[in-house]
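Chemist: Sequence:
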Amino acid sequence: MSRTSGTREVEDLLRRHAPQVLGALVRRYGHFDAAEDAVQEALLAAAGQWALKGVPDNARGWLIKVASRRLVDALRAEEARRLREERAAALTPRDAFTAPPPGAGRAPSEDDTLSLLFLCCHPDLTAPAQIALTLRAVGGLTTAEIARAYLVPEATMAQRISRAKQRLKGVRFGRPAHWGERLPAVLHTLYLIFNEGYTATSGAVLQRAELAGEAIRLTRTVHRLLPADREVTGLLALMLLTDARRAARTGPHGELVPLDEQDRGRWDKAAIEEGAALVTEALSLSRQSAGPYQLRAAIAAVHDEAASPEATDWREILGLYDVLVRRVPGPVEHLNRAVAVAMVHGPSAGLTELDLLQDELAAGHRLDAVRGHLLERAGDPAAARAAYEAAARKTLSLPEQRYLRARVARLEP
Numbered sequence: 001m002s003r004t005s006g007t008r009e010v011e012d013l014l015r016r017h018a019p020q021v022l023g024a025l026v027r028r029y030g031h032f033d034a035a036e037d038a039v040q041e042a043l044l045a046a047a048g049q050w051a052l053k054g055v056p057d058n059a060r061g062w063l064i065k066v067a068s069r070r071l072v073d074a075l076r077a078e079e080a081r082r083l084r085e086e087r088a089a090a091l092t093p094r095d096a097f098t099a100p101p102p103g104a105g106r107a108p109s110e111d112d113t114l115s116l117l118f119l120c121c122h123p124d125l126t127a128p129a130q131i132a133l134t135l136r137a138v139g140g141l142t143t144a145e146i147a148r149a150y151l152v153p154e155a156t157m158a159q160r161i162s163r164a165k166q167r168l169k170g171v172r173f174g175r176p177a178h179w180g181e182r183l184p185a186v187l188h189t190l191y192l193i194f195n196e197g198y199t200a201t202s203g204a205v206l207q208r209a210e211l212a213g214e215a216i217r218l219t220r221t222v223h224r225l226l227p228a229d230r231e232v233t234g235l236l237a238l239m240l241l242t243d244a245r246r247a248a249r250t251g252p253h254g255e256l257v258p259l260d261e262q263d264r265g266r267w268d269k270a271a272i273e274e275g276a277a278l279v280t281e282a283l284s285l286s287r288q289s290a291g292p293y294q295l296r297a298a299i300a301a302v303h304d305e306a307a308s309p310e311a312t313d314w315r316e317i318l319g320l321y322d323v324l325v326r327r328v329p330g331p332v333e334h335l336n337r338a339v340a341v342a343m344v345h346g347p348s349a350g351l352t353e354l355d356l357l358q359d360e361l362a363a364g365h366r367l368d369a370v371r372g373h374l375l376e377r378a379g380d381p382a383a384a385r386a387a388y389e390a391a392a393r394k395t396l397s398l399p400e401q402r403y404l405r406a407r408v409a410r411l412e413p
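Per the working numbering, residue 1 is the first one in the sequence shown, and the count goes up by one each step.
Calculated from the structure, these hints are not laboratory results.
Glycine is no exception: its CB is placed at the ideal position from the N, C-alpha and C atoms.
One or more hints might be untrue.
[Stated by the list, open to error] The calculated label-pair distances, taken between Cβ atoms and stated as ranges, are:
#1 Glu412 / Gln166: 50 to 58 Å
#2 Glu261 / Glu389: 18 to 26 Å
#3 Glu389 / Glu11: 16 to 24 Å
#4 Asp355 / Ala158: 42 to 50 Å
#5 Pro123 / Gln49: 23 to 31 Å
#6 Gly379 / Gln166: 14 to 22 Å
#7 Thr352 / Ala127: 43 to 51 Å
#8 Pro413 / Lys269: 15 to 23 Å
#9 Ala363 / Gln49: 45 to 53 Å
#10 Glu389 / Glu360: 18 to 26 Å
#11 Gln49 / Leu259: 20 to 28 Å
#12 Gln166 / Arg315: 48 to 56 Å
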């Protein structure tokens, strides 16, 4: 094994173990913020030692032991001498921290990972704080990596994470009694992370594959722990079916390639097959009772299973959107439905639908981009150019700006 590949394998191993180790410490000792710092120190120690000396047989146990010692030392420093000595004895790592033997049932670390997700998505935290804390504590990303992904200074992201941890002081670790009430926040956080990775809202690149991949990994973890939840299944299916097109979404120079112009031979067939199977599982009952993620996944499956743009079953997609907008009557859902209306009933019908969304989506670029597309299909190049130009001015994504301006140039008289 080369030094580079060995280092990469160690980093992957540490990222997988990080949430399990943090969950074990918080479950045993509490003190989320101090435990998180101790885990980071243990991960740094492991990164230095394992790449040179090899990975220990019980890697997770090694990390928990080292992190526990660091945490105990930190707690001792905050206590008086008498209390420090008492706490040192009380917080000695126990055998419960070792990995269970094969076949012993679900490992505590798996429950800890889910409990960490619920903790990071506590309702007292804002959505940006939930995302940042989830990526740090559960995803194992460094503060610098998260800051780069969201194009903010590292100091700003560090403050955001620090404030989030402060707000969680005193919150009991573990799956909440009414965990079902918080599950939508967990799924929404994972969905936001995936969306930012699949289509970056700003910056020089269209996609941030590491964020999308992390969202899929974490969603797989939730699905493994809650396999009977159809919305969890639907979200995992949606991510797989969407991410399956990633390789075909950009050209050789990073330019955006729209769905109907993509080389479908570059789509990930294995991801499509897995996602389609999950959709079938999630929609085992009537679509009328399906949740939003199941419906979005079903729409993605119709797109992915079409051999060509012309073979896409737009009537099926429109029917699914009709159900979706009744379940989630948001402007983005209505915007996507307007495209389906245009594909089934013609661009004029789609433009009529867009007029109803002007007030809600005027600030963003997507309404103008869709309007330009439908106007171009309707045979009005001048109006389409104006819409594309308006969209290009509003988006912060450089690849999207270049794509929209290329559409303008193509329509020049």
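Chemist: For every hint, state whether the structure bears it out.
Modeler: Each hint, compared with the structure:
1. Glu412 / Gln166: 50 to 58 Å: 55 Å, holds
2. Glu261 / Glu389: 18 to 26 Å: For Glu389 against Glu261, whose Cβ atoms are near 21 Å apart, the range 18 to 26 Å holds.
3. Glu389 / Glu11: 16 to 24 Å: At 44 Å between Cβs, range violated.
4. Asp355 / Ala158: 42 to 50 Å: 45 Å, holds
5. Pro123 / Gln49: 23 to 31 Å: 40 Å, violated
6. Gly379 / Gln166: 14 to 22 Å: 58 Å, violated
7. Thr352 / Ala127: 43 to 51 Å: The hinted range 43 to 51 Å is violated for Thr352 and Ala127, with Cβ atoms some 33 Å apart.
8. Pro413 / Lys269: 15 to 23 Å: 43 Å, violated
9. Ala363 / Gln49: 45 to 53 Å: 51 Å, holds
10. Glu389 / Glu360: 18 to 26 Å: Roughly 21 Å apart at Cβ, these two residues keep to the hinted range, so it holds.
11. Gln49 / Leu259: 20 to 28 Å: Violated - the Cβ-Cβ distance for Gln49 and Leu259, about 47 Å, lies outside 20 to 28 Å.
12. Gln166 / Arg315: 48 to 56 Å: 52 Å, holds
Violation of the numbered hints given earlier is confined to hints 3, 5, 6, 7, 8, 11; the remaining hints are satisfied by the structure.
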